[in-house]
Amino acid sequence: MSMNRLSQCDPWANFARLQQELNQAFGLASLSSSGPTLKVFEDGSALVLEAVVPGYNLEEIEITVHDANQLTIKGEHKDVKTEAKETWHRKERDLGKFSRTLQFAFPIDSEKVQAKLENGILKLVLPKHESVVGRKIPIHTQN
Amino acid sequence: MSNEIKNQTSHVVSRPEPTRGSKYLTPKVDIRECEQEITLFAEMPGVSPDNIHLHFENSELFLMGKASPASNPGKLLLDETRHGDFYRVFSMHESLDCSKISADYKHGVLIVHLPKAEAAKPRQIKVQIS
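Line by line, the protein sequences give chains S and P.
Going by the working numbering, the first sequence opens with residue 14, and the numbers climb by one from there.
Going by the working numbering, the second sequence opens with residue 104, and the numbers climb by one from there.
Keep in mind the hints are simulated off the structure, nothing from the lab.
What you are looking at is a predicted structure, and each value in this text was computed from that prediction instead of being measured.
A virtual CB, placed ideally from N, CA and C, is assigned to each residue, including glycine.
Please note that a few of the clues may not be correct.
Stated by the list, open to error - In silico DSBU-like cross-links for lysine-lysine, where the CA-CA straight-line distance does not exceed 30 Å:
| no. | chain 1 | residue 1 | chain 2 | residue 2 |
| --- | --- | --- | --- | --- |
| 1 | P | 169 | S | 94 |
| 2 | S | 104 | P | 209 |
| 3 | P | 178 | S | 104 |
| 4 | S | 98 | P | 224 |
Claimed, not checked - Calculated Cβ distances over 12 Å to all of chain S for the following chain P residues:
| no. | residue |
| --- | --- |
| 5 | 133 |
| 6 | 140 |
| 7 | 144 |
| 8 | 147 |
| 9 | 148 |
| 10 | 156 |
| 11 | 167 |
| 12 | 174 |
| 13 | 177 |
| 14 | 186 |
| 15 | 202 |
| 16 | 212 |
| 17 | 229 |
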């Protein structure tokens, strides 16, 4: 349920998105960078998170799990090349730094987190810690 | 929008309408001009390279990206994303060398290189002093 709290805690997020869309419609640069948009699923014993991070490579993204149930995704564009005598006619993309932290209702097994970056989408599989899922204990039979 | 309602040949009268009910998204772009070329960076995250279509005709550059089906690996807890195909058209006023247009797709960003035609490149002209 903490994810629902998360989505409600920032009532201005929709306004920020609307502002971005208006800026884009009128050809203005985005004024603020609020970080990547996210999609989170719960799939049995794991959470699956997809972050939209076009233009970032894996070296520019940092993923940290802290306090067992908090996840931070940070990004910073490093390979910004500039040309001599360049003119920018449009600047709509959010380039630069971002940082987003999510808090989950249960601890994450940070050792088993998997990350994959494909076509600008960062996909994380965050297994729940065994203290939540429960641990299957093998039974050895003696015949 | 002037770039949606086209054009003298009237084969394109408005933005194509999707038949499968999904929305069209407008990719965010950066457009840079330098001496040699115009470079366009368009964000099309989640689109596989095979589903990107780039078309240049009558000084118009069409960008299209067909989105992969939305993933749904469980119970949805949070969704800030928007899913749909990408579409945008640009009217290019500059003289471009159409035969040398090239494009790369990297980390969800389509990079289109539009080299200027020789005649449009800046040229230093020496003034002869007699």
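Comparing the hints with the structure gives:
{"no.": "1", "hint": "P:169 <-> S:94", "result": "29 Å, holds"}
{"no.": "2", "hint": "S:104 <-> P:209", "result": "18 Å, holds"}
{"no.": "3", "hint": "P:178 <-> S:104", "result": "36 Å, violated"}
{"no.": "4", "hint": "S:98 <-> P:224", "result": "13 Å, holds"}
{"no.": "5", "hint": "133", "result": "5 Å, violated"}
{"no.": "6", "hint": "140", "result": "9 Å, violated"}
{"no.": "7", "hint": "144", "result": "7 Å, violated"}
{"no.": "8", "hint": "147", "result": "7 Å, violated"}
{"no.": "9", "hint": "148", "result": "3 Å, violated"}
{"no.": "10", "hint": "156", "result": "15 Å, holds"}
{"no.": "11", "hint": "167", "result": "15 Å, holds"}
{"no.": "12", "hint": "174", "result": "7 Å, violated"}
{"no.": "13", "hint": "177", "result": "3 Å, violated"}
{"no.": "14", "hint": "186", "result": "9 Å, violated"}
{"no.": "15", "hint": "202", "result": "22 Å, holds"}
{"no.": "16", "hint": "212", "result": "5 Å, violated"}
{"no.": "17", "hint": "229", "result": "20 Å, holds"}
Figure legend: structure checked against the earlier numbered hints; hints not met, in rising order: 3, 5, 6, 7, 8, 9, 12, 13, 14, 16.
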